[in-house]
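Using the sequences provided together with the hints, build the complete structure.
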Amino acid sequence: MNCYQCPDCGYIYNEAKGDAHEGYPSGMKFAGLPEEFVCPDCAVRYKEDFVCIETPQ
Amino acid sequence: MKVYTFDSPDKGQITYRDSKRHLWLASMVYPLVAVSGIGLYMVTGSEWSFLAPLVFIYGVSTLFDAIFGVDTSNPPEELVSQLEEDRYYRWLTYLTIPIHYIVLLTLAIFVGTQSVSMLSVLALAITGGIYSGLGLVTAHELGHKKSRLERNLAKIVQAVPAYGHFCLEHNRGHHRDVATPEDPASSRMGESIYQFVRREIPGAFKRAWKIENDRLERNGKNVWSMDNEILQSYALTAVVQLALIASFGWIMVLFLAVHNFWAWWQLTSANYIEHYGLLRKKEASGRYERCQPYHSWNANHVFSNILLFHLERHSDHHAHPVRRYQCLRDFPELPSLPTGYFGMFVAAYIPPLWYRIMDKRLMALPHVAGNLDNVNVQPGKLDALLARYPRQAEVLDTSFHQTEAAAA
Ligand SMILES: [Zn+2]
Numbered sequence: 146m147n148c149y150q151c152p153d154c155g156y157i158y159n160e161a162k163g164d165a166h167e168g169y170p171s172g173m174k175f176a177g178l179p180e181e182f183v184c185p186d187c188a189v190r191y192k193e194d195f196v197c198i199e200t201p202q
Numbered sequence: 005m006k007v008y009t010f011d012s013p014d015k016g017q018i019t020y021r022d023s024k025r026h027l028w029l030a031s032m033v034y035p036l037v038a039v040s041g042i043g044l045y046m047v048t049g050s051e052w053s054f055l056a057p058l059v060f061i062y063g064v065s066t067l068f069d070a071i072f073g074v075d076t077s078n079p080p081e082e083l084v085s086q087l088e089e090d091r092y093y094r095w096l097t098y099l100t101i102p103i104h105y106i107v108l109l110t111l112a113i114f115v116g117t118q119s120v121s122m123l124s125v126l127a128l129a130i131t132g133g134i135y136s137g138l139g140l141v142t143a144h145e146l147g148h149k150k151s152r153l154e155r156n157l158a159k160i161v162q163a164v165p166a167y168g169h170f171c172l173e174h175n176r177g178h179h180r181d182v183a184t185p186e187d188p189a190s191s192r193m194g195e196s197i198y199q200f201v202r203r204e205i206p207g208a209f210k211r212a213w214k215i216e217n218d219r220l221e222r223n224g225k226n227v228w229s230m231d232n233e234i235l236q237s238y239a240l241t242a243v244v245q246l247a248l249i250a251s252f253g254w255i256m257v258l259f260l261a262v263h264n265f266w267a268w269w270q271l272t273s274a275n276y277i278e279h280y281g282l283l284r285k286k287e288a289s290g291r292y293e294r295c296q297p298y299h300s301w302n303a304n305h306v307f308s309n310i311l312l313f314h315l316e317r318h319s320d321h322h323a324h325p326v327r328r329y330q331c332l333r334d335f336p337e338l339p340s341l342p343t344g345y346f347g348m349f350v351a352a353y354i355p356p357l358w359y360r361i362m363d364k365r366l367m368a369l370p371h372v373a374g375n376l377d378n379v380n381v382q383p384g385k386l387d388a389l390l391a392r393y394p395r396q397a398e399v400l401d402t403s404f405h406q407t408e409a410a411a412a
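Protein chains in written order, with the numbering used here: chain A, 146 to 202; chain B, 5 to 412.
Hints are computed from structural coordinates only; laboratory data are not their basis.
Since the model is a prediction, treat every value here as computed from it, not as a measurement.
There may be inaccurate statements among the hints.
[Claimed, not checked] Here are the simulated DSBU-like pairs of lysine-lysine, each with C-alpha atoms no more than 35 Å apart in a straight line:
| hint | chain 1 | residue 1 | chain 2 | residue 2 |
| --- | --- | --- | --- | --- |
| 1 | B | Lys225 | B | Lys149 |
| 2 | A | Lys174 | B | Lys15 |
| 3 | B | Lys150 | B | Lys285 |
| 4 | A | Lys174 | B | Lys286 |
| 5 | B | Lys225 | A | Lys192 |
| 6 | B | Lys150 | B | Lys15 |
| 7 | B | Lys214 | A | Lys192 |
| 8 | A | Lys174 | B | Lys150 |
| 9 | A | Lys192 | B | Lys149 |
| 10 | B | Lys6 | A | Lys192 |
| 11 | B | Lys150 | A | Lys162 |
| 12 | B | Lys286 | B | Lys210 |
| 13 | B | Lys210 | A | Lys162 |
| 14 | A | Lys162 | A | Lys192 |
| 15 | B | Lys286 | A | Lys192 |
| 16 | A | Lys162 | B | Lys15 |
| 17 | A | Lys192 | B | Lys150 |
| 18 | A | Lys162 | A | Lys174 |
| 19 | B | Lys364 | B | Lys225 |
| 20 | A | Lys192 | B | Lys210 |
| 21 | B | Lys364 | A | Lys174 |
| 22 | B | Lys364 | B | Lys210 |
| 23 | B | Lys285 | B | Lys214 |
| 24 | A | Lys162 | B | Lys225 |
| 25 | B | Lys214 | B | Lys286 |
| 26 | A | Lys174 | B | Lys285 |
| 27 | A | Lys174 | B | Lys149 |
| 28 | A | Lys162 | B | Lys149 |
| 29 | B | Lys385 | B | Lys364 |
[As the list claims (entries may be wrong)] A short, non-exhaustive set of chain A residues, derived as facing chain B with CB atoms under 7 Å:
| hint | residue |
| --- | --- |
| 30 | Cys154 |
| 31 | Ile157 |
| 32 | Val183 |
| 33 | Asp186 |
| 34 | Cys187 |
| 35 | Ala188 |
C-beta: ideal position from N, C-alpha, C; glycine also.
This is how it looks when you write it as structure tokens:
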């Protein structure tokens, strides 16, 4: 399980937790998120902009 | 005044003092302007008093922008996190929320209980709409933040102008699509505000509804559920406004209709002037280039920025949407408006004046370089605009023909 971080605002998508508010269940892989995914917090970074980080910072 | 300091390993000690720190308290005084018409009326007995707040907003504030000028100070990057964490600033935004409810109720109760002429009711409703439009500025500041608390407060304050879809639409819709032809909240060159509003209001609602519908669908919920954040805010609006109508009768229907429309119109006006004609380029991947500082119009005037929580430092806001108002920065060489928002609103309401002020500014921007291909143009206006601003090749072409004609 990996974490992916928004390089602008710092939002972290943790695959282990998912994002319940956004409707992504726990265990959902980042790769499995829709292609039109944008950062849920700032909305100005696309899916391909996210940076894989090993553990939450 | 509070001094922020940071010991930088290479730059030595960096200090910063926010020269606007106490000026931000104006957000606590400003509601007095909204009710000043009623106060003046009580003193003078003249219904002309109700025009005072309108004269202040659309006239005096522009004069003050000219008198007090611009402020170019910026917090150093190293101190932004300290400034972000200073709770004084966010408390000011929280405190405006009850004030928005109080002002709306004060105006509504006055209209509901006093007998004044229809024109006075109209002036009071417009005044209320302008102030509730500023409620959307508070909602904007709060709705961009990550905390549940601030996002919930945003939903509460955007219920005052009856614009429950604002934060969703603005954060997830407008910020994603800004300065593209697809964005109903970015105006195009040659598009008057009266054409724009007919695209903006329905377009923004549809986009917000789709974003929320998709989110609820992923959660396995129906869009018509109490988890719908748009409906939560509108439910609050319904409670307040239906209670007013039940208390004061049909006059409230008129008052609230004008109030709500004018608050929405404030947002329309801001959207109209913030990105007029600016265009992001489409990349080979099919995505639009990232929003750049030159994709927003800015005003750096002290007076109107204080009223608007630095909204006029718009480029930095689009670069870093979650950054708090006190930390937004001004940069030289940004697309800039000749005066603050309220003065520019008035210009926008007179389309020939607006085009006269803005079209040449737009075409003169370094990244536009006089080329309409770099501009978000209203379909149908392209030929007329090309006649005024021909493509470079065509300029060369005509000058060649002229030289030929001169030679002959
Ligand atoms: Zn982000």
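Against the structure, the hints come out as follows:
1. Lys225/B - Lys149/B: Holds, at roughly 25 Å.
2. Lys174/A - Lys15/B: Violated - the C-alpha atoms of lysine 15/B and lysine 174/A are around 42 Å apart, more than 35 Å.
3. Lys150/B - Lys285/B: Given that 35 Å is the threshold and the Cα spacing comes to 29 Å, the pair holds.
4. Lys174/A - Lys286/B: holds (29 Å)
5. Lys225/B - Lys192/A: holds (24 Å)
6. Lys150/B - Lys15/B: Satisfied, since the Cα-Cα distance of roughly 31 Å is no more than 35 Å.
7. Lys214/B - Lys192/A: holds (19 Å)
8. Lys174/A - Lys150/B: Cα-Cα ~23 Å, so holds.
9. Lys192/A - Lys149/B: holds (20 Å)
10. Lys6/B - Lys192/A: violated (40 Å)
11. Lys150/B - Lys162/A: Given pair lysine 150/B, lysine 162/A holds - Cα atoms ~17 Å apart, limit 35 Å.
12. Lys286/B - Lys210/B: holds (24 Å)
13. Lys210/B - Lys162/A: Within the cut-off at roughly 31 Å; holds.
14. Lys162/A - Lys192/A: Holds, at roughly 18 Å.
15. Lys286/B - Lys192/A: holds (17 Å)
16. Lys162/A - Lys15/B: With Cα atoms ~41 Å apart, lysine 162/A and lysine 15/B exceed 35 Å; violated.
17. Lys192/A - Lys150/B: holds (19 Å)
18. Lys162/A - Lys174/A: Distance ~10 Å between lysine 162/A and lysine 174/A Cα, so the pair holds.
19. Lys364/B - Lys225/B: violated (50 Å)
20. Lys192/A - Lys210/B: holds (24 Å)
21. Lys364/B - Lys174/A: violated (49 Å)
22. Lys364/B - Lys210/B: Holds. Lysine 364/B to lysine 210/B sits at ~33 Å (cutoff 35 Å).
23. Lys285/B - Lys214/B: Status holds; Cα separation ~25 Å.
24. Lys162/A - Lys225/B: holds (20 Å)
25. Lys214/B - Lys286/B: Roughly 23 Å separates the two Cα atoms, so the pair holds.
26. Lys174/A - Lys285/B: holds (31 Å)
27. Lys174/A - Lys149/B: holds (26 Å)
28. Lys162/A - Lys149/B: holds (21 Å)
29. Lys385/B - Lys364/B: holds (16 Å)
30. Cys154: holds (5 Å)
31. Ile157: violated (11 Å)
32. Val183: Cβ of valine 183/A sits 6 Å from chain B, so the hint holds.
33. Asp186: The hint holds - aspartate 186/A has a Cβ within 7 Å of chain B, the shortest such distance being about 5 Å.
34. Cys187: Status holds, d = 5 Å.
35. Ala188: For alanine 188/A, the interface hint holds, since the closest Cβ of chain B sits about 5 Å away, which is under 7 Å.
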